[in-house]
Amino acid sequence: MSATVDDRTPAAPPRSAFARGPWRSLDELAGSEELRRFVETEFPAFHRRLAAGVDRRTLLKLMGASLALGGLAACTPAQEIVPYVRQPENVVPGRPLFYATALRSGAYGIGAVVESHEGRPTKVEGNPDHPSSLGATDAVMQAAVLELFDPERSRTPLKAGEPASWAAFLDHAHALRDELERTRGRGAAILLDPVASPTLERQLVALRAAWPLLRLYRHDPLAATGLAEATQAAFGRALAPLPRLDRADAIVSLDADFLAEGPGRLAHARVFADRRRVRGPRDGMSRLYAAESTPTLTGAAADHRLALRPSRVGALAAELAAAVETLTAVGRPEAGEGWIAAAAADLVAAGPAGLVLAGDHQPARVHRAALAINARLGALGRSLALIEPSDALAADGGLDALVAAIGVGEVTTLLVLGANPLHTAPADLDVAAAFGRLRELVHHGAYVDETGRRAHWHIPAAHELESWSDVRGHDGTASIVQPLIAPLHQGRTAHEVLAALAGDVTPDALALVRATWRDALDDPAWGEALRAGVVKGTAAAPVDIPAASVPSVGDGAPAPGEGEDIDIRFVPDPWLRDGRHANSALLQELPRPLTKLVWGNAVLVSPALAARLRAEPGQMLEIALDGRTIEAPVWIAPGHPDGTVTLTLGHGRAEAGAVARMAAGYDAFRLRGSAAPWIATGARLALREPVQRVLTTQHHQSMEGRDIVRHASLAGFREKPDFAHGSPPAPDDTLYPRWDYPHEAWGMVIDQTACIGCMACVSACQAENNIPTVGPDECERGREMHWLRVDRYYEGPPDAPDTHFQPVPCMHCEQAPCEVVCPVNATVHTHDGLNAQVYNRCIGTRYCSQNCPYKVRRFNFVEHQDFDAPGLEAAANNPNVSVRSRGVMEKCTYCVQRISAARIAAQIANREIADGEVVTACQQSCPARAITFGNLNDPASRVAAEKAAPHNYALLEELNTRPRTTYLARIVNPVGDDGKTEEGGHG
Amino acid sequence: MADAAATRAARPPVLRGRHDRDEITGRIGSIVLRGRLPRLFWPAFFVAFLFVLLFFFSIAWLISVGVGAYGINIPVAWGTMISNFVWWIGIGHAGTLISAVLLLLRQPWRASINRFAEAMTLFAVAMAGLFPILHLGRPWFFYWLLPLPNTHMHWPQWRSPLVWDFTAIATYATVSLLFWYMGLIPDLAILRDRARTRAGQLFYGILALGWRGSAFHWARFDRTYYLLAALATPLVVSVHSIVSLDFTFALIPGYHSTIFPPYFVAGALYSGFAMVLTIAIPLRRAFAVEDLITARHLDNAARVMIVAGMVVAYGYLSEAFFAWYSGDTYEQTTMWRRAFGPYAPLFWVMLACNVGVLQALWLRRVRFSPLALWIAAVLINLGMWLERYVIVVSGLANDFLPSSWGTQSLAWLDYGIFLGSLGTFFALVFLFIRILPAITIFEVEELADEKAGRA
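For the protein sequence lines, the chains are W and D, in the order given. When you line the first sequence up against the working numbering, it's residues 1 to 987, in that order. When you line the second sequence up against the working numbering, it's residues 1001 to 1455, in that order.
To be clear, the hints were calculated from the coordinates, so they are not data collected in a lab. A hint or two may mislead.
Taking CB as the label site, the calculated pair distances span [claimed, not checked]:
1. W:Asp-626 x D:Pro-1345: 42 to 50 Å
2. D:Phe-1368 x W:Tyr-736: 53 to 61 Å
3. D:Pro-1282 x W:Glu-622: 45 to 53 Å
Away from chain W, derived, C-beta distances all over 12 Å, residues of chain D [to be verified]:
4. Phe-1041
5. Val-1052
6. Leu-1053
7. Trp-1218
8. Ala-1313
Ideal placement from N, C-alpha and C gives every residue a C-beta, glycine not left out.
Same shape as in the complex, but just chain W (with noise of 0.2 Å):
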């Protein structure tokens, strides 16, 4: 604006703008072409209003503001800072608060609570009032705040790459909204990636409602229709599953990932732990059977597991169907051989306790086969609630609809609010070139991707912690999401995208949000809404389904695909999703759960098919599919069904970021069909020459029979409770005198029949404790940081091998080999039996490292936090862990940070530290609690009681360093009633 005003008159009007001289009256001066000119300029989205006609009232408001701005604009910005002299309502320096919100997972919410330091979100925890988090994260949730501080998102509106204003955006908005005011929607269209959000809901609802022209289109890559088809078929409306695995004594999974997929994956794992937490001889278990085409998470924590290509399942799930059907028929049976009979005899066995589970990315007849046996075992309404959907938003098609109408001219303004298909697509669909026909490409998204590159108009998605929102939990619980910080960037939420697009001068997602419940929650229920973080009593209710309405199974299962053609599983990076977490870090760096692989992916082949490849880990495989190949690396996965390759989705993203570049991997969407996204058959292999390198974090998956993780049958663990425990006794003797521990003695007990394997804990732990990534160069040379580990070892045949997981942080050994071989004393025992690392005594002999038997310890190799390096990424730090520098040594602490603050807040109370005060990151974290932390002085304590149960047992207690970590062996339920029978695989 000007700055040629007079200083004495500062209500005159900027001469540049009116300078053809003496003027009479204001609206002489508001009929000026110039005014015209400035208003479209400086404030693009009244000029419309200006030329649309205003009255003379808002007028005289514009004006005065106008003028009075002009005159400010001449003045020079105040230097001056302003001190902190009154403190806002509850922000006290130094003490964090918490903030209830949601994160989305897919299409639903978890509920969330973000712990903020003045202002600046740090660390997310699960939101224990939630009923999709019950109080834990998984691992993407944790890379959040990362995410939020990542400096290549999106900052500021583009168009045509051109970077342009919010303003301009507005204005072009109303300029659409005209358009179609006028056409009723006729040539829009909006690609949605769905979200089960009230808010979105009602927003698209009312736009439809205005413009019946309007079409609406889904694309959610990751999405799968088999349940909706069944029930759609079965019932007459689309269903979603809600098991209650607390209820289910027999569960089987017919390739369904219960643990580690699906919205209420962290609920479906809290009670799964639950139900076979086993402390004494009399605890019983629930049985898990599993069938799957790939390794899963579920498959890993199965009593049985069958490994199989994803094409027969279908037989499979009809031939249970079969066998219950028979059962139920005789009456109560004896237990058969295989799989499938042990199953359905488990099933027929528990009735109404009994529940079988089909997988998502199944077809309809799978789910149709699961849901008969369900409805035999009367296990319906029971151990599986059927709700309707929370994210049914009545669509026009997907994006082969949206491809087609563009084609056929239907569409030709497309508006595509946060999904990004031109990575996502399916490769039979051209949707590149389909987007080169439109008029316009509205793209709203948190990063400029390969949509948003290709876009007329790109505008920046605010972050889930910048936005207000609402998004439903997979049982319908609804969750206000309220910002946790102003918007970094100039982020916008798609709340106010589609209200400036319906006509909003000012959007404001609060409002919009607050509308959308002002009828449900009063203001004293909205402030309670968002204290808890979900709003009481929106659960969808279950669907009372009678079992007569069941269908039965037909005969419908095709003959399996047999022979050398090879079966392609698609499934999504368990934490790159579908490649929207790309450019993070964080979780590129994360190893995945079964592979352990970091920074990209990989063609997983069971090991028989390697063998008859001759192909070596890491060789490429060209991998052809009706017509397209794609070229990827192999990595052999023990228990991979044969016959069946795995690829996942997510990788190889081209326009995702600098983090991403760094990354390997190959795009699994390249060979991915629009008809089958998730089953291919039909595959034809071919390996090639060059070898890639392919970046794992655990070299070696056998446990050399050494006695790591101790395991046993059910039975087995009933005749002999103390298993776990070595002979001879562990030694005891020490030439130094004993630590004496007056007050707390940390300790920490982890359950491995409870751990699934999920990863959660080791990204919280990095999360809270400002542990650094370190690329993939440094991975590849064995340097990443993670304070927590979880190893996975195989043991069994190759093909069908047990999986066992072990959460391995510092053991903080009573008799610590790292303390004493420490030459300048950096490691150190403390009053309450931590092993403490003094990051500034440290001088990196790595000594302590050394001598460590359970390599714990991590090495800050080269600088991996540059503390004078501008940028946005240090305020995701938490302030009350150091952040350390090159050449020092660092390991978990226990919290040690967490420990503090409780013991302050308990020293200015004049009490002890109360048990469970003290939570860990990873533990608090744990979706199925297998992480037990506390004061083993204090008898009554959770942890002293875990301690005491029989199977708990000391990691290479051998080697006399008594461990204040320990471990509760891990137990399993296989079939077999002396427990003898499985002592061979199992004992």
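Once you've looked at the hints, dock chain D against the given chain W.
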């Protein structure tokens, strides 16, 4: 008896030919005073100096980037810096053994090789002393290992073998320096007297500390020299024993072994004598002092190597045997994977050099062929370096939890620093030869006098 006498007679003499004082002093002194150097001396020095520059560059790189520039990682967090350290300190041992132990044992053959062996010790210890510092994550804080009173109340942790190590090396370096300088004093006086330039007279004069060669001087010299020898002798055993404690003290399989102290001492002597030969053989040729450093010296050094080498071989055997006999699965796995795991090639090359090549020394022909002996010595030096590297990395690569198993590879800096230290060592040897008498003048004179019956 007759046979024994015949054998002894068959051995070459310690000193060949007849020499008088002037001739000896002139020949040795003129290298220093007149710069009577072989033609290739300065070009060779220049090559060594290039490696000195590499050493400086590597160290600068290390300090600016961090120890991440090495190939080390977790689990194998120690690497070439530790093996270099042990190797160099081992090389130092021969010098102390020759000068101190052989002095006490009245072995006359030590006289013509002790000076440069001592210098070699000193330079090797200087190199060795650098490596623990270059190994540190924060090398600029190395002095925190010292029990210095300071404001941040930092005190060494005396249970750590690294502190013992630091003390042992500091002691060793101090005693070696004193011993070497003590032995130099009479020669410095000779050079002072023969120097023709003022600068030379001043330089050697100041260093000679007023030595006049009086009977009192000689009496005190002898007493002090023998006393220092007596002090240095236990160090031959203690230094490398303590270095070995860095390993034995740790509970890592492949480290935690009681055989290490004697085995390390034997290994040190073995590699030390190999290095003496590596230097002495070209030296005697280049300076045409084959009559002073005779075949007898080479033969004796080779015989010491046979003894030390066989002890080392016994060490290998006993390590393997006790790994099996202990029944300890960790030890067994480590031993097995040392021989057949990721570091197997290094292990077998090491065995071939240290045990295989050694057997050639039983042959008289090899011992009396300077070229063959030199090749054997170089190979044994290589083998001993590999031995240290294999010990350092192979136990860590396969320790208790298989999930952590992993290997390290070598980065350019690992080579840069090692080759740089070799270059620096040789550059120092060149400078030493140019500035100080590389062969003890007065002792060789004494030897010649004894031989001539003039004493």
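Query - Structure versus earlier hints - violations, ascending order - result: As far as the earlier hints go, only 3 is violated by this structure.
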